[in-house]
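Novice: Sequence:
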Amino acid sequence: MTRAFVAIALLAAASAPTIAAADETGISFWLPGTFGSLAATPQQPGWSAAAIYYHTSVSAGGDVARSREIQIGRFPANLTATVNANVNAHVDLGLLNATYVFATPVLGGQASASLIGIYGANTTSLNGSLTGTLTTPLGPLPFSRFDSISDSVTGFGDLIPQFALRWNAGVNNYMTYVTGDIPVGAYQSGRLANIGIGHGAIDAGGGYTYFNPQTGREFSGVLGFTYNFENPDTKYQSGVDMHFDWGASQFLTKQVQVGLVGYVYKQLGCDSGSGDRVGCFRSQVASIGPQIGFIFPVGDMQGYLNFKGYGEFAAENRPAGWNAWVTFAVSPAAPPPAVTPTKHVITK
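Each residue of the sequence shown is one higher than the one before, counting from 1 in this note's numbering.
No lab work stands behind these hints, which were simulated from the structure alone. Note that CB positions come from ideal geometry on N, CA and C, so glycine has one too. Possibly wrong hints are sitting among the right ones.
[As the list claims (entries may be wrong)] Listed next, with one range per pair, are the computed distances between beta-carbon atoms: (1) G190 <-> T104: 47 to 57 Å; (2) G94 <-> S150: 18 to 28 Å; (3) W47 <-> A77: 34 to 44 Å.
With these hints in hand, go ahead and build the complete structure from the sequences.
Specialist: Okay, structure coming up:
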C-alpha cells in the first residue's frame, strides 16, 4: 500500500495546477482550489501529464457589477450613480499540465518544473440599472439607464509556468513553489468575458502534508501570496492576494481515496493605478466540498482519476457560486520494493 500511496501522491500533485481565471473586477490570478490532498508529498522522477476539466458557475451584484461596467467602458467618468445589477458567468476550461520531476536532489529536496496550457469558453452576462447624476458643462443632469449585456469567448488562456521543491521526513512532508502568469491568452479590456487576465502576476508560497501510509490518512495545506502587475490596457493594478488551499482524505483501499477539500482566499492590499475608479475593492471568498479519487494501472504507467467540487460562501467584492474539477493524470509507476535474498541456514 505504501508504493500505491507514493504513486498517487505524484498524481494528486499533478492534478493540481496553478491556473488563471482575470482582483480587477473581483477575479484573481490564483484560482482557489488549485492545490489539494498530498500537495507536498514526494513524486516519482520523470515526465507526467494531467488533463483537467474545470467548470464554474458564479454570480455577483453591487460593486462587482459596477466594476465590470467601468472596466468595459460603460460607466462614464463623470457619472455618480447607484448600480442595481447582477453579473452571471459560466466558465468551462480544459487544461493540460506537463510536469518533469528531477531525479537529482536540489537543496536536499525534490525539484519539479511544469507548464500549463489552457483552452476554454466563458459566457458572462450583466443585467441591471444605473441611476444617478451626470456632471456636464451645463450642470448636473439626472441619469438613468438599463443595461443588458452578454459576451461569449472561446480561445486559449495564459501560460502558467511553475517550479516546486519538496522534502520528506517520515510522515511529514514540506514544499515550496513559485509560479506566474504569462498574459498571452484571449483578452480584451472592453469585453465582458475573457479567458486571459490581461496582466502578468507572480505567486509564491509553501505547504505541508501529513501522510501516514500505514493508516492511509492525510491532511494537506498550502499558503501562497500573489503580486499582480498593472494591466497595461486598463491601467489598473490589483492588490496583493493571500490564498490557503487544503485537503483531507482517507484511503479506503490501495485504489480508492475519499475526503474533503476547501480554500480561503482574501485580498490583503488595495487596488491602485490611474484606471482604478472603484477604490480599495478588496475581495474574499471561502469554500468547502467533497472529493473522491481512483488509482489504476495504465500500461506500465500509473493512472489517477479525481473528482472534487466546491461550494463557496462568505464572498465579498467577488463573484461566488460553485465549481467542479475532473482530473485524469498519468505518471511513472512507483518502483517495486527491493527484494532481500533469502539466507539459507545450514546445520550439521
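Novice: Work down the list of hints and note, for each, if the structure agrees.
Specialist: Cross-check of the supplied hints:
1. G190 <-> T104: 47 to 57 Å: holds (49 Å)
2. G94 <-> S150: 18 to 28 Å: holds (23 Å)
3. W47 <-> A77: 34 to 44 Å: violated (52 Å)
The structure fails to meet hint 3 from the earlier list, while all remaining hints are met.
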